[in-house]
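Colleague: Since chain R is already given, all that's left is putting chain G on it; use the hints.
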Amino acid sequence: MEVVKADKNEQKEKQSKKQVKVSLFQIVWRWHFYAGLIFAPFLIILAVSGSVYLFKPQIESTLYKDLYYIQEEGSSTSNPSAQVANVKGIYPEGIVTSLTFHDDPTRTTEISLMENGQTSSVFVNPYSGEVMGSLKKEEKFTEIFKKLHSELIVGGTVANRLVELAACWAVILLITGLYIWWPRNRSSIWGTILPRFNKKGRTFWRDMHAVPAFWLSLFILILIATGLPWSGVMGEQIKRLATSTNTGYPPFAHSFGEKPESIIKTKDVAENVPWATENLTVPASSSNDYLPLSLEDVTFIAKNEEIGKPYTLSMPKGEQGVYTIATSHTKPGDNATLHVDQYTGSVLSDVRFADYGIMGKGITMGIALHEGRLFGLANQIIGLLVCLGLIGLVISSIIMWSKRKPKGKLGAPAKPKDEKVTRIVFCIMLAMGILMPLVGISILFVFIVDRFILSKIKSLKTWLS
Amino acid sequence: MNKLLGSSVMIFMLLVMSACTANTTNPSNTAQLVGVEILLNEEISPNQATELKVQITQGQENVEDADDVQFEIWRVSGKDPSEMSKAQHEKDGVYSIKKTFQDNGVYYVQAHVTARDIHVMPKTVVIVGDVSEEELNSIKEVPQNKEKNHEHGHDH
Numbered sequence: 001m002e003v004v005k006a007d008k009n010e011q012k013e014k015q016s017k018k019q020v021k022v023s024l025f026q027i028v029w030r031w032h033f034y035a036g037l038i039f040a041p042f043l044i045i046l047a048v049s050g051s052v053y054l055f056k057p058q059i060e061s062t063l064y065k066d067l068y069y070i071q072e073e074g075s076s077t078s079n080p081s082a083q084v085a086n087v088k089g090i091y092p093e094g095i096v097t098s099l100t101f102h103d104d105p106t107r108t109t110e111i112s113l114m115e116n117g118q119t120s121s122v123f124v125n126p127y128s129g130e131v132m133g134s135l136k137k138e139e140k141f142t143e144i145f146k147k148l149h150s151e152l153i154v155g156g157t158v159a160n161r162l163v164e165l166a167a168c169w170a171v172i173l174l175i176t177g178l179y180i181w182w183p184r185n186r187s188s189i190w191g192t193i194l195p196r197f198n199k200k201g202r203t204f205w206r207d208m209h210a211v212p213a214f215w216l217s218l219f220i221l222i223l224i225a226t227g228l229p230w231s232g233v234m235g236e237q238i239k240r241l242a243t244s245t246n247t248g249y250p251p252f253a254h255s256f257g258e259k260p261e262s263i264i265k266t267k268d269v270a271e272n273v274p275w276a277t278e279n280l281t282v283p284a285s286s287s288n289d290y291l292p293l294s295l296e297d298v299t300f301i302a303k304n305e306e307i308g309k310p311y312t313l314s315m316p317k318g319e320q321g322v323y324t325i326a327t328s329h330t331k332p333g334d335n336a337t338l339h340v341d342q343y344t345g346s347v348l349s350d351v352r353f354a355d356y357g358i359m360g361k362g363i364t365m366g367i368a369l370h371e372g373r374l375f376g377l378a379n380q381i382i383g384l385l386v387c388l389g390l391i392g393l394v395i396s397s398i399i400m401w402s403k404r405k406p407k408g409k410l411g412a413p414a415k416p417k418d419e420k421v422t423r424i425v426f427c428i429m430l431a432m433g434i435l436m437p438l439v440g441i442s443i444l445f446v447f448i449v450d451r452f453i454l455s456k457i458k459s460l461k462t463w464l465s
Numbered sequence: 001m002n003k004l005l006g007s008s009v010m011i012f013m014l015l016v017m018s019a020c021t022a023n024t025t026n027p028s029n030t031a032q033l034v035g036v037e038i039l040l041n042e043e044i045s046p047n048q049a050t051e052l053k054v055q056i057t058q059g060q061e062n063v064e065d066a067d068d069v070q071f072e073i074w075r076v077s078g079k080d081p082s083e084m085s086k087a088q089h090e091k092d093g094v095y096s097i098k099k100t101f102q103d104n105g106v107y108y109v110q111a112h113v114t115a116r117d118i119h120v121m122p123k124t125v126v127i128v129g130d131v132s133e134e135e136l137n138s139i140k141e142v143p144q145n146k147e148k149n150h151e152h153g154h155d156h
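Chains as they are written, first to last, in the UniProt record's numbering: chain R, 1 to 465; chain G, 1 to 156.
Next comes chain G alone, as it looks inside the complex:
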């Protein structure tokens, strides 16, 4: 009886202490990253149409079947709401919009890309025309909050 108790307690302890050692398969459920590169002209002037492009890749492959590609543009200093524009596929995974900036200034350009069930949203800055030192510095100072309804931009 005692032996039985002793050994059953020991077995139970071993179970508790070492727990289960069964193997599970490696979950590799996350797909390969989607790369998004924003391509801009080196110089952008006000009141002149310019092309904003993104190159979308996954691994070595160009992504030509992106579900949704949008550009969001808003001025760094200022309270104007951002504007969203849907980009069209050109070729080889490059999507673009035509954009005319009205005023000199510093703008945020953020690409919202949904492709292969992955969402990527890189953001960069464009300088349009002549910009005062003050406005240039504002990039560093202004918290990047946008005065806009964020949900709107992400309806997809």
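Next up, chain R with everything else stripped away, as it sits in the complex:
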């Protein structure tokens, strides 16, 4: 409290000279305050769901132990066709869409099944061929958190855009926050890079907010940046940029000349394909008198092409479909997507991590980092700490606000007197809105609502001011 007052007094003394600076500080704080107020709930949701989803491998291994793990029974395994046949025996109506083979010899084979429009995983003992049980995809524990994290459970485009909006506004919170944090008149490390534990009240909580936020800012920014490729608006822009600069994924067309192309994209056909190859057109198999290859042949091809387990083998869709062998769940360097002619076993396209452009590589690494699987447990723990830190920041900000908030008022930072500064900062925000389109749209939306609706309601106006 004292320090902030002292700060303010100091600023007041030099007001004539520093009018602009004060106004700038006030308006940036105001932006920070409103943005924080609106997006804090979303950031909490993202942080909580994210910290759970980070530990997906460990959580699922524990929860679904009986489905995932079996005793290793020597080296003789039941072949994939027999495993599929056993699954079909139990689910005669089901259509097998893919098989995932794990590298752990005590893991079951995971067979994806479509039944009555529902996707489920059926787990098969690879040694005996015995069907261990099944799990509906949307009922998987971690799937719920994934849905919360990416589309706030309710799903759909609106929810997905809201998540992206919150993420983009978090960037603005970081920038404005860093501006407010910036030590202007003080050169002390206390209150900037170390908190003042001896202070009480709002100053203490201000330090508990600003100091950890400074330390976490880079990590939070990395988490946001690496999460954006999934988003609907920014993600599409990134993909377009990668495509237009030819730095995303290699175009399949250059490898094979005249091959028939189906319009089906990999995304619809194959599961677990690495991000960077999702938009490759799947080459169609050459249809002739040959019979479709057996799964054994395709697993042989995978081995022959040095695809290490775990990998997912997706079944051909229709007569012109291809077998797709994809792996993306281990280290990014092992990423590979192969499309195999279902009749001849010809590898129609083979895209590995090394073939990705620089952006494709970067985004692939970023995604692995975001999901906590780039460098093992340490990656997960760092991710968790950043999430917990983010939650802490929201809590400290609320406490700080409650200590400042007058009764019956919102307690927003004062409007600066300098209209020009207000307008300049508004324009800077709009400029960021061009970089992050959803931010721009939301700023314009709030501006219009504020200008033409809220300003007409007197009681609301006093509360907000």
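Warning: the hint list may mix true and false statements.
[As the list claims (entries may be wrong)] Distance windows between CB atoms, simulated:
no., chain 1, residue 1, chain 2, residue 2, range
1, G, HIS89, R, LYS146, 46 to 56 Å
2, R, GLU130, G, GLU133, 27 to 37 Å
3, G, GLU133, R, GLY318, 26 to 36 Å
4, G, GLN102, R, LYS146, 53 to 63 Å
[Claimed, not checked] Some chain R residues close to chain G (C-beta under 8 Å, calculated; not the full set):
no., residue
5, TYR290
6, LEU291
7, LEU293
8, ASP297
9, ILE301
10, ASN304
11, TYR343
12, THR344
13, GLY345
14, SER346
[Claimed, not checked] The following residues of chain G were derived to be distant from chain R, with all beta-carbon distances above 10 Å:
no., residue
15, SER45
16, ALA49
17, SER77
18, THR100
19, GLN102
20, SER132
21, GLU135
I should point out that these hints are in silico values taken from the structure, not numbers from a laboratory.
Each residue gets a CB set at the ideal place from its N, CA and C atoms; glycine is no exception.
Modeller: What follows is chain G alone, placed relative to chain R:
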């Protein structure tokens, strides 16, 4: 100072948001496809030698330097292990084996071709002699798993 901070943050953001736009060359590391066509006599009778052939091409060119060409044959219904036979190059990219089928029946014939660092393994069905309706239908029903050691057939 503030300006410095502001602009450095903006520059950093721009870097993060737009990432790198450096160009990479188009990898076209996958060679042209190898085409394999299995050529069979229209009628095959039991206990009579017949020729099984494959025509191997790459683009317009006949492939005469295939590293390995093998035929794998097994009966659709039945538990007999498949048998592998190495084919010899005749000419113009045609490789063949002589085969005598002992019994009437429906057989799978799969060509395993390794040429120009590419592996192709098309599979087709041959009908030998007179075959019951039942056995003909079995092509559709039987999952194509082979009771054999797959690794063996692919040692090359």
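Colleague: Tell me, in ascending order, the numbers of any earlier hints that this structure violates.
Modeller: Hints that this structure does not satisfy do not exist here, as all of them hold.
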